[in-house]
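K.L.:
Letter by letter, the chains look like this.
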Amino acid sequence: MRVLMFGWEFPPHIAGGLGTACYGMTRGLARNDVGVTFVMPHASGDEDERFIRIVNASDVETVFGNVSEDSSDIVEKLSFIHIDSNMVPYLSPEDYVSYHDEFVKTGSRFWETGDIWSQRYTFSGKYGANLLEEVARYAIVAAQVAKNLEGQFDVIHAHDWLTYFAGIAAKRVSGKPLVVHMHATEFDRSGENINTRTYSIERAGMQAADRVIAVSNLTRKIVIERYGIPAHKVVTVHNAVRFAEKDLAVPERGVEDKVVTFLGRITFQKGPDYFVEAAAKVLKRVKNVRFVMAGSGDMMNHVIRRVARLGISDRFHFTGFLRGDNVQKMFQLSDVYVMPSVSEPFGISPLEAMRSNVPVIISKQSGVAEVLTYAVKVDYWDVDAMADAIYGLITYPALSKMFATKGLEEVTGLKWNNAAAKIKRVYEDAINENNQNTK
Amino acid sequence: MKTICLYFQVHQPWRLKTYRFFNIGNDHNYLDDLSNRAIMQKIARECYLPMNSLLLRLINENKGAFRISFSLTGTVVEQFKLYAPEVLESFKALVNTGCVELLAETYSHSLAALSSEEDFKEQVQLHTKMLKKEFGVKPKAFRNTELIYSDAIGAMAAEMGFKTILAEGAKHILGWKTPDYVYASAENQALRVLLRNYKLSDDIAFRFSNQSWDEYPLTANKYASWLAAAEGEVINLFMDYETFGEHQKAATGIFDFVKALPKEVLSNPELCFATVSETAEKYQPVSVLHCPHAMSWADEERDITAWLGNDLQNEAFGKLYSLRDKVKSLHNADYDYVWNFLQTSDHFYYMATKWLSDGDVHSYFNPYGSSYEAFINYMNVFSDFQIEVEKQITEKKKRKKNA
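Order-wise, the sequence lines are chains A and B. In terms of the working numbering, the first sequence is residues 1 to 439. In terms of the working numbering, the second sequence is residues 1 to 403.
Everything labelled a hint here was simulated from the structure, so no lab data went into it. Using N, Cα and C, we set each Cβ at its ideal position, and we do this for glycine too. Careful: at least some of the hints might be erroneous.
[To be verified] Pulled from the structure, derived: some chain A residues nowhere near chain B, Cβ distances all over 12 Å: (1) Ala-139; (2) Glu-150; (3) Val-286; (4) Val-307; (5) Arg-309; (6) Gly-311; (7) Phe-318; (8) Trp-381; (9) Asp-382; (10) Tyr-391; (11) Ala-398; (12) Glu-410.
[Claimed, not checked] Facing chain A, a subset of chain B residues (Cβ under 7 Å, in silico): (13) Asn-26; (14) Glu-300; (15) Leu-312.
[Said to hold, decoys possible] Which chain A residues stay away from chain B? Per the calculated CB distances, all over 12 Å, these: (16) Asp-33; (17) Gly-175; (18) Arg-197; (19) His-238; (20) Phe-316; (21) Gly-320; (22) Val-383; (23) Ala-404; (24) Leu-414; (25) Lys-424; (26) Asn-434.
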């Protein structure tokens with residue numbers, strides 16, 4: 001079986017969990033005997049005239065070293081297609097317009113979010129003036145890709161709304177079934193003030209699809225209730241986690257105090273302010289603890305001001321955006337990891353923390369809460385409960401030890417191989433149904 | 001007879017290096033050695049050395065008629081010794097002419113006056129000790145960091161034995177009055193106050209090279225005629241010493257302006273130069289100056305909001321001075337050294353978020369991308385210092401027990 005997959009980021013150029021998930025998923029699929037042709041937008045910035053480039057998997061560097069290293073089975077089954085485009089993950093149509101204007105005004109080729117130590121993307125002025133135009137243009141190119149590859153794939157798989165039009169176009173051209181993957185809904189990104197155009201694209205993609213994969217029951221429920229998608233079409237496949245083969249040496253610990261960490265984009269969706277309030281409550285009781293907020297985002301300055309106002313800035317530290325090894329280093333230095341997300345379709349970072357033997361506190365409003373037993377679960381708004389849990393984990397060694405050991409066992413069992421097997425079954429269902437319909 | 005009182009402020013902060021959370025507990029070197037050295041040597045080359053040798057020549061040529069005043073912060077003297085000893089020598093040569101007065105100030109260019117009397121006195125005494133050691137002088141006049149002044153600060157300075165203090169000729173304090181007379185401080189009227197004539201001072205410091213200024217180009221002849229035309233008994237021209245060659249580059253002609261100025265001024269029999277203390281003694285105060293709230297020479301507002309104007313600054317300031325007693329209890333020179341450079345007002349200036357009228361000036365002096373970055377970096381350094389201080393205290397207690 002071979003799948004034509006529309007994604008939008010792949011290691012090492014990743015801004016969030018989606019790239020990591022795609023990488024683990026394609027590996028898992030390869031091990032389940034499913035070949036993947038991975039199509040992704042890629043703004044080269046050097047005004048390349050070709051819209052499409054096919055890249056061998058062995059040419060793609062990853063954070064975990066080169067793909068070709070001891071994974072020849074993957075290389076055979078995975079190939080890449082780069083489509084020149086300005087689309088990047090986690091971008092709203094409003095952001096796109098402001099970047100485009102910036103480019104027209106200053107010729108700046110980089111997208112920056114203005115806050116400190118933020119990620120950068122290359123921007124090319126050749127493409128659409130607004131994001132929706134760009135999504136449409138991307139779909140046209142995708143249709144061409146599908147046509148060129150006719151007969152070389154059995155099913156189409158599209159990740160998140162930016163690629164849904166591309167998926168629909170490929171389906172129309174090839175007549176193959178379409179599976180769309182909901183990693184996040186517009187309600188997760190924007191709360192109740194949704195962008196209705198993004199919402200419509202998401203809904204159109206899911207309506208046109210033969211199957212919808214949701215990353216958690218939480219997301220599945222939103223898809224059914226708020227997008228009106230028939231329940232029988234929507235399948236939950238929880239993400240898994242793939243860990244780096246080599247462990248980094250444990251970094252030298254500078255501070256003797258316990259370290260409680262928040263790691264992620266500092267945005268409304270991630271609930272950073274609840275973490276700050278909980279930190280202030282804990283610091284009133286115990287002195288030997290430090291809080292670290294790692295990441296960057298549009299709420300960062302707001303959070304810094306709040307920390308200053310609460311008078312805890314000598315015990316609450318900011319690291320800025322962490323890259324590569326520093327992420328794992330941060331986990332290794334932590335005693336407790338907190339993910340207070342207001343709305344988190346899945347949330348992969350607690351799994352990474354558990355893998356580093358760190359007990360985790362997660363919000364009940366996260367998809368990952370459905371698969372974890374050995375994690376403290378609190379409502380994101382319940383700052384008292386969060387403070388209570390932090391206090392418990394740093395004060396009672398027996399408790400934190402239990403969570404750390406059991407948590408490591410639990411997280412080791414979450415394999416992409418199993419998740420990919422489920423995805424493969426979804427493909428099979430979609431293909432069978434499609435064949436029956438066409439007969 | 002009108003007196004021209006020229007006073008120059010000489011200061012460089014110790015700049016902190018980029019200090020991440022990961023450094024806390026592992027790395028106790030907080031300074032950016034490379035940029036501290038590079039900046040000091042660049043300014044020495046462009047400003048301190050050429051300007052000092054020019055002033056020395058002018059003093060010798062005018063046989064005692066050209067008189068000026070300086071204040072040098074403790075941190076800048078530390079940097080001279082480390083990176084540019086020849087600058088310190090040239091200042092000593094200036095002081096030895098007898099035509100140069102050195103003023104007292106806070107050792108670290110700190111905001112200690114806004115913290116407590118204890119902090120303030122310690123900072124001033126430290127600076128006075130440095131002047132004695134390096135230059136063999138005992139200062140009679142005082143100028144506070146960035147000309148921060150209030151009735152209470154005046155009283156503290158008077159109590160320490162100073163006869164004269166400098167302040168800004170701020171509109172909101174003076175109202176209809178002119179800064180061009182000697183005033184008396186409100187709480188202790190024995191203390192005389194010299195007020196900066198900001199119009200004439202900024203003509204040199206800010207506007208000299210501004211080509212869209214309708215008085216451009218400013219010649220020594222024209223400037224001397226403005227001095228002659230001013231009413232009052234004294235004209236206080238106070239500015240950063242780095243104005244000469246650094247803010248106003250040599251190519252703007254600033255050195256030629258300085259070279260010509262004494263001759264132009266002294267050719268008018270109605271004008272003369274005097275140092276700060278001489279100026280204050282020469283005239284009777286015309287009035288008492290009331291200044292209940294702290295003012296400074298910074299920004300349009302002439303207040304202290306450039307350093308203590310937002311939550312970040314207040315938090316960092318509060319946290320810093322809450323550590324004072326612990327640091328002092330150690331009696332350890334290494335810790336005092338860090339304690340001193342952490343107090344420097346520049347660190348708080350970098351955290352300012354007021355960018356409307358004076359954003360240009362703020363960003364000119366700011367090595368950080370944003371005030372938030374400055375705050376994070378400062379607090380990381382502070383946190384490490386705090387841990388080290390606590391450790392040292394515990395060890396000391398242990399030693400005492402064992403002994």
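K.L.:
Indicate, hint by hint, whether the structure satisfies it.
P.N.:
Against the structure, the hints:
{"no.": "1", "hint": "Ala-139", "result": "holds (38 Å)"}
{"no.": "2", "hint": "Glu-150", "result": "holds (51 Å)"}
{"no.": "3", "hint": "Val-286", "result": "holds (15 Å)"}
{"no.": "4", "hint": "Val-307", "result": "violated (8 Å)"}
{"no.": "5", "hint": "Arg-309", "result": "violated (5 Å)"}
{"no.": "6", "hint": "Gly-311", "result": "violated (6 Å)"}
{"no.": "7", "hint": "Phe-318", "result": "violated (5 Å)"}
{"no.": "8", "hint": "Trp-381", "result": "holds (24 Å)"}
{"no.": "9", "hint": "Asp-382", "result": "holds (26 Å)"}
{"no.": "10", "hint": "Tyr-391", "result": "holds (21 Å)"}
{"no.": "11", "hint": "Ala-398", "result": "holds (26 Å)"}
{"no.": "12", "hint": "Glu-410", "result": "holds (29 Å)"}
{"no.": "13", "hint": "Asn-26", "result": "holds (4 Å)"}
{"no.": "14", "hint": "Glu-300", "result": "violated (24 Å)"}
{"no.": "15", "hint": "Leu-312", "result": "holds (5 Å)"}
{"no.": "16", "hint": "Asp-33", "result": "holds (43 Å)"}
{"no.": "17", "hint": "Gly-175", "result": "holds (53 Å)"}
{"no.": "18", "hint": "Arg-197", "result": "holds (33 Å)"}
{"no.": "19", "hint": "His-238", "result": "holds (32 Å)"}
{"no.": "20", "hint": "Phe-316", "result": "violated (8 Å)"}
{"no.": "21", "hint": "Gly-320", "result": "violated (8 Å)"}
{"no.": "22", "hint": "Val-383", "result": "holds (20 Å)"}
{"no.": "23", "hint": "Ala-404", "result": "holds (22 Å)"}
{"no.": "24", "hint": "Leu-414", "result": "holds (29 Å)"}
{"no.": "25", "hint": "Lys-424", "result": "holds (42 Å)"}
{"no.": "26", "hint": "Asn-434", "result": "holds (53 Å)"}
Checked against the numbered hints listed earlier, the structure breaks hints 4, 5, 6, 7, 14, 20 and 21; every other hint is satisfied.
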